[in-house]
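*Asks:* Chains as they are written, first to last, in this note's numbering: chain A, 1 to 371; chain B, 1 to 371; chain C, 1 to 371; chain D, 1 to 371.
Check the hints yourself; a few may be wrong.
Copies of the same chain are indistinguishable here, so a pair counts whether it falls within one copy or spans any two.
Once the Cα atoms are required to be at most 20 angstroms apart in a straight line, the calculated SDA-like pairs of lysine to any residue come out as [what the hints assert, rightly or not]:
{"#": "1", "residue 1": "K148", "residue 2": "Q254"}
{"#": "2", "residue 1": "K311", "residue 2": "P361"}
{"#": "3", "residue 1": "K336", "residue 2": "T359"}
{"#": "4", "residue 1": "K37", "residue 2": "L145"}
{"#": "5", "residue 1": "K83", "residue 2": "N208"}
{"#": "6", "residue 1": "K336", "residue 2": "E199"}
{"#": "7", "residue 1": "K336", "residue 2": "Q202"}
{"#": "8", "residue 1": "K262", "residue 2": "S329"}
{"#": "9", "residue 1": "K336", "residue 2": "E246"}
{"#": "10", "residue 1": "K262", "residue 2": "V323"}
{"#": "11", "residue 1": "K311", "residue 2": "E199"}
{"#": "12", "residue 1": "K311", "residue 2": "S343"}
{"#": "13", "residue 1": "K336", "residue 2": "Q164"}
{"#": "14", "residue 1": "K83", "residue 2": "H218"}
{"#": "15", "residue 1": "K83", "residue 2": "K311"}
{"#": "16", "residue 1": "K83", "residue 2": "D51"}
{"#": "17", "residue 1": "K336", "residue 2": "R166"}
Everything labelled a hint here was simulated from the structure, so no lab data went into it. Source: prediction; values computed, not measured.
Number of protein chains: 4
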Amino acid sequence: MSILALLTFVPLAASGQTPHHHDHIREMYFPDVPGYKTLLCDFHIHTVFSDGSVWPNIRVEEAIRDGLDVIAVTEHLEYLPHKQDIPFPDRNRSSVIATGAARGKDLIILNGSEVTRDMPPGHANAIFVEDANRLLLDDPTDVFLEAKRQGAFVFWNHPNWLSQARDGIVPLTEIHRELIRKNLLHGIEVVNDTTYSDEALQIALDYNLAIIGTSDIHGLVDWQFRVSQGGHRPVTLVFARDKSPEAVKRALFQRRTAVWFKNLLIGRERHLMPLLKASLTVEEALYREGRDVAEVILKNRSDARFELRNKGEFNFHARGDLVTIPPHSSVNLMVKTVERRGSFRLEFEVMNALTAPRTHPTLTLTVRPNR
Amino acid sequence: MSILALLTFVPLAASGQTPHHHDHIREMYFPDVPGYKTLLCDFHIHTVFSDGSVWPNIRVEEAIRDGLDVIAVTEHLEYLPHKQDIPFPDRNRSSVIATGAARGKDLIILNGSEVTRDMPPGHANAIFVEDANRLLLDDPTDVFLEAKRQGAFVFWNHPNWLSQARDGIVPLTEIHRELIRKNLLHGIEVVNDTTYSDEALQIALDYNLAIIGTSDIHGLVDWQFRVSQGGHRPVTLVFARDKSPEAVKRALFQRRTAVWFKNLLIGRERHLMPLLKASLTVEEALYREGRDVAEVILKNRSDARFELRNKGEFNFHARGDLVTIPPHSSVNLMVKTVERRGSFRLEFEVMNALTAPRTHPTLTLTVRPNR
Amino acid sequence: MSILALLTFVPLAASGQTPHHHDHIREMYFPDVPGYKTLLCDFHIHTVFSDGSVWPNIRVEEAIRDGLDVIAVTEHLEYLPHKQDIPFPDRNRSSVIATGAARGKDLIILNGSEVTRDMPPGHANAIFVEDANRLLLDDPTDVFLEAKRQGAFVFWNHPNWLSQARDGIVPLTEIHRELIRKNLLHGIEVVNDTTYSDEALQIALDYNLAIIGTSDIHGLVDWQFRVSQGGHRPVTLVFARDKSPEAVKRALFQRRTAVWFKNLLIGRERHLMPLLKASLTVEEALYREGRDVAEVILKNRSDARFELRNKGEFNFHARGDLVTIPPHSSVNLMVKTVERRGSFRLEFEVMNALTAPRTHPTLTLTVRPNR
Amino acid sequence: MSILALLTFVPLAASGQTPHHHDHIREMYFPDVPGYKTLLCDFHIHTVFSDGSVWPNIRVEEAIRDGLDVIAVTEHLEYLPHKQDIPFPDRNRSSVIATGAARGKDLIILNGSEVTRDMPPGHANAIFVEDANRLLLDDPTDVFLEAKRQGAFVFWNHPNWLSQARDGIVPLTEIHRELIRKNLLHGIEVVNDTTYSDEALQIALDYNLAIIGTSDIHGLVDWQFRVSQGGHRPVTLVFARDKSPEAVKRALFQRRTAVWFKNLLIGRERHLMPLLKASLTVEEALYREGRDVAEVILKNRSDARFELRNKGEFNFHARGDLVTIPPHSSVNLMVKTVERRGSFRLEFEVMNALTAPRTHPTLTLTVRPNR
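Let's have the full structure, built from the sequences with the hints guiding it.
*Replies:* Okay, structure coming up:
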């Protein structure tokens, strides 16, 4: 009786039965930054066509519910446990099906593949692939070369994977360095599934790789990331000129990314600062009659719960030096500026943002109270 | 139990999350009745092996999260839209995979098939099938005969389906009557997916068919039935001697079922009354010093929100004649018995239970206040 | 430091610190009816000036948070347990203080008194009192006569009170009948605090008394009625020409009231039906291509959770005969009209409304589906 | 215990509600520390007997609902806006009434008074007062001397009050220093109502004053501190030998306090460290087969949401350096110890704790993984 469900495309807005119910609580959101759109992307996704547990249409629906802009379907090239039931001769097939399922939706589907080898080099995703079938080559280096011929963007997957590095520390080898030198490897997963790697972040910075975070989802996004309890899948924030595959690709090759993982924003300082400034804004500031304390409304327009540590000159009247601003809400900072000032600066270490291992960026906001 | 004990069995991975997290909020529960276990069963389920969107392992995990005892995997025999990718030569395959996924779990997997024909006779599920491949026959009657040879239990699916009955009213024909007369059709879906049919319930009563309710799930249970907002899939409650396939089969052939749909319990009076009595119990009753009003604690041990209409002799001191008892909670009825009584009776029309179209059973409870 | 709190009158809307935060979740709401405003009133309230536990300003703030239009402050005339600390020589004092606290707020404060006698006649509230001090008379009949002289509206309080009627059944006496005959008693509490009385409702109907429900609050409204868990205080809905003391008084003398208690609406049929019709409206109706089932969006614009029992000609496709519509939400009824109709009628017994003991009104809605 | 057992003690009335419902969600909790009980105390509370808005019994009930151990009722000596209605000749009266209301409850009531003067010295609370009437003296110094004669513990109230310090910065004067030198002033409010003062904390440390935090409640605790939204009143945690007035007094004079304000724990390092160690414990630790990453279950047994910054030698596999542990829950730290170790140390800066202005204590935990 599945056809019945599809019949409900008439916008009966008041219905208790809209199947394509947009859930505004779970949809992710970060503001755009000057010059770029902030696109929410998941570049590492499996379906039944390799070792995942759902048909590609579910991946499309999950992405729409999560408010994503772009997903890449990236089946394993070498690992096909469902081969007995799904012979899968055409390695582009799952992305073709996903593309069909996304027709008419505002979601970009990228074709991709996961190169699935022992360490080194381990696993890597090639996205923006023209024909995944042509990646079926014995020598891993040949696969990277073919991916390059196709213009693909390639990143190292879960370099901290305990199955390939029992201490969880990225086993960077000469082979990896060579791939990077030859421009065959362009990014690295600093976040994969439920894990984060300080070492991977350092490698990204040292070798100028794009900072990538992915769900690597095999089962259901809702279960793996506890969406009904407020969780979300990890995503790569891509700062792109517009919402198009070409712009996303260009942004990736130019390393214009950040990662949104649990409550953490991870990225290069030059990419993170515009995002932090777009997310946290001074809405209003004033001195009240009879008081020399500046009331400053600081608004958080993002999904992150900001944890700010006061590094500025002045103390606050109603809190200590740790300021928490929940997602999409505001706080009233009562800044003890000692005397009334035409303008002054607030300075915060952003504890929930990382620009390098254990390194948090400093956000400076200039406040000009109303007279 | 050690906090980490579970972790030696399951890949807790890097998450701090138990992946096989038992969610006690969403697990369904109804109490057993005298002489029988109350088993939660879903006998109509699809996977990628016909027109569903998930691999069978997801169906197993959904069932476990929902606290089900039994599921039947019932792919369409004649409708295989994924055939290009999943040739599916063996029609038992998806139930074999589900059985593997359920190994070590307390969940019974039944092999089944959905006979998928135009009306009449429309669609029907055969469950407890030995070999689904042998059901691939041209004439629908031959399929019913083969199902019988295999000892299968067969029920009419969504007889109210708008695609086969544009007014939603069950098109009962001579062909159906003949299937019933010949003992080839044993049940009828009174509930399918998000729909209920008064006419199907009347047919079940008139022709002595088992009253069946199923999810007919194709996508994800969580989304279709809004589980995170408190919804649940429809299930058939089977009153079985024990939790075994044989006992379930015997119960079905003896029509010992009810349906749990939204907040409605639907069944024959003889099966529903023991369930209602097991669900609603008088926990304690007393008269207090100086008062002639009996305080009666009525406890609801089930998932249903009971909506009771007072039909008894006495009024209540703290509410009108509609008494609502939320799931797994209690109310204090203050019964105005006029004088102190050694025992008295409460009588309620159970509005959230149906024993026939628009017919609600009456529950009588005898109260003996403490002295 | 209480003065600090008052300084925040500047509308810093984004602040996490608005002290007079309007809590739209707890504010009660019922729609107006043709010709009348539906005013939310609580006519039975105590403060420290008799046996209550708060200063009158808290009663004003509670009322504003609850979205009330009118409250009456009604201290006991004869019972003053705080007399040692609050000599209370002027019996109008608490309503004078409440009036001051309500200055600039859209809340009407009425002056009242609770006549506090043994049964008969028991307790009664006089509201719209000019001077409560003049009610301090020995003979209860004299008090009723004086109240009449002042033009007060007088109602019998908690006639089911267990301290004065150990079986909870209203002890109606000749004295009460005489007060009614002489037009000295105009209303009766059918609901008081957490109790409801069928017998009181019957007396209201038999003797043409106004149907009254009050909180009789002594402690905190939030605690007594579990507001943080979704509860609310009982109120009298008064159907008045406008929001003014005069209009409220006229409505009371004309018996234009209903009571909102837990999830129950209680009133005369002639007053309740307009409210039910204003609360439940057909938002949209259509037949879809290929179906002869009418989809009807029924919207509930009130705080009540409607529990409707289908008494009409047609069955529904997606539910049984009990239709639940949560507050401020909609359901899609799929009405099996057998054939397409230009118009048809829905008929419901409104289970959560009472027009007499155990008597529920019938709501008829005419539906005209879009072509 | 019998469900109705309680009912023989309390007037359950007609409600189905337990009026003295213990709300385990709102009850505050911090664990005891070695050698001391951790008592939750609010030493600054007003009622209708000065400028508060409730009778003292409400203060007792609020405290019980909040799980407090001790409250002091501290009416203004010099500011009595309700004097017209409550002549209040006996300044011990409100604490006498509170004591009566607390009879049979596990709550200690202290007698206190708020000395209410212009700055300097501003306002101060004297608690453990024998007779508040004897504090009615013209010269403020005489009041402090009389308080000392009575053995009272005296602390400076809201030294950051904007009405007495328009820049919010504590105006410490020679008069205050002299009061301290003469042992007439023993503590200082670092937290009052919704405000916190870094400068007050520094003065506490510089002059060896007890660190005090109070609600200074005038209206309702639930409203002022948004209890239904998860807020709580500020309290002083007193580390006392036992739960008795004497032990509390001794602890105060020995400065054994901390403050719980919003999500902040404020105190001297010697008092805070035992509390942090009692709150955060290693529940279990192990290396799994095939992995060299230590899984460490860190449990938070307190009401605080811990925000920990990793300062130790090792990185984590599943998070960055900011570790959030919600109240009464656990996290699984996956510590990358590089090789398997018999024991190792974790080191955290506790961001939600303050031992001096902008200074957070470091917590070191030794982990010994199971073999």
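*Asks:* Does each hint fit the structure? Answer for all of them.
*Replies:* Here is how each hint holds up against the structure:
In the homo-oligomer, the alpha carbons of K148 and Q254 lie at most 20 angstroms apart inside one protomer (16 angstroms), although the nearest pairing across protomers, at 66 angstroms, exceeds that limit. When the C-alpha separation of K311 and P361 is checked against a cutoff of 20 angstroms, the pair qualifies both within a copy, at 11 angstroms, and between copies, at 17 angstroms. Taking the shortest Cα distances, K336 and T359 sit within 20 angstroms of each other only across copies (18 angstroms), while inside one copy they are farther apart (28 angstroms). Neither within a single protomer nor between protomers do K37 and L145 lie at most 20 angstroms apart by alpha-carbon distance, with minima of 31 angstroms and 63 angstroms respectively.
Taking CA atoms no more than 20 angstroms apart as the test, K83 paired with N208 passes in neither setting, with 38 angstroms inside one copy and 45 angstroms between copies. In this assembly of identical chains, the alpha carbons of K336 and E199 lie at most 20 angstroms apart only when taken from different copies (11 angstroms versus 40 angstroms within one copy). Proximity of K336 to Q202 under the C-alpha cut-off of 20 angstroms is restricted to the inter-copy arrangement: shortest distance 16 angstroms between copies versus 39 angstroms within a copy. Taking the closest pair of Cα atoms, K262 and S329 come within 20 angstroms of each other both inside a single copy (18 angstroms) and across two copies (17 angstroms).
Neither within a single protomer nor between protomers do K336 and E246 lie at most 20 angstroms apart by alpha-carbon distance, with minima of 49 angstroms and 39 angstroms respectively. Taking identical chains as interchangeable, the C-alpha atoms of K262 and V323 lie at most 20 angstroms apart whether they share a chain (19 angstroms) or sit on different chains (11 angstroms). For the homomeric pair K311 and E199, the shortest alpha-carbon distance between copies (16 angstroms) is at most 20 angstroms, but the shortest distance inside one copy (27 angstroms) is not. Within a single copy, K311 and S343 get their C-alpha atoms as close as 17 angstroms, which meets the 20 angstroms cut-off; across copies the closest is 36 angstroms, which misses it.
In the homo-oligomer, the alpha carbons of K336 and Q164 lie at most 20 angstroms apart only across protomers (14 angstroms), although the nearest pairing inside one protomer, at 53 angstroms, exceeds that limit. Within a single copy, K83 and H218 get their C-alpha atoms as close as 16 angstroms, which meets the 20 angstroms cut-off; across copies the closest is 22 angstroms, which misses it. Neither within a single protomer nor between protomers do K83 and K311 lie at most 20 angstroms apart by alpha-carbon distance, with minima of 57 angstroms and 48 angstroms respectively. With identical chains, the CA atoms of K83 and D51 are at most 20 angstroms apart both within one copy (9 angstroms) and between copies (19 angstroms).
In this assembly of identical chains, K336 and R166 lie within 20 angstroms of each other by CA distance solely across copies; the values are 10 angstroms between and 51 angstroms within a copy.
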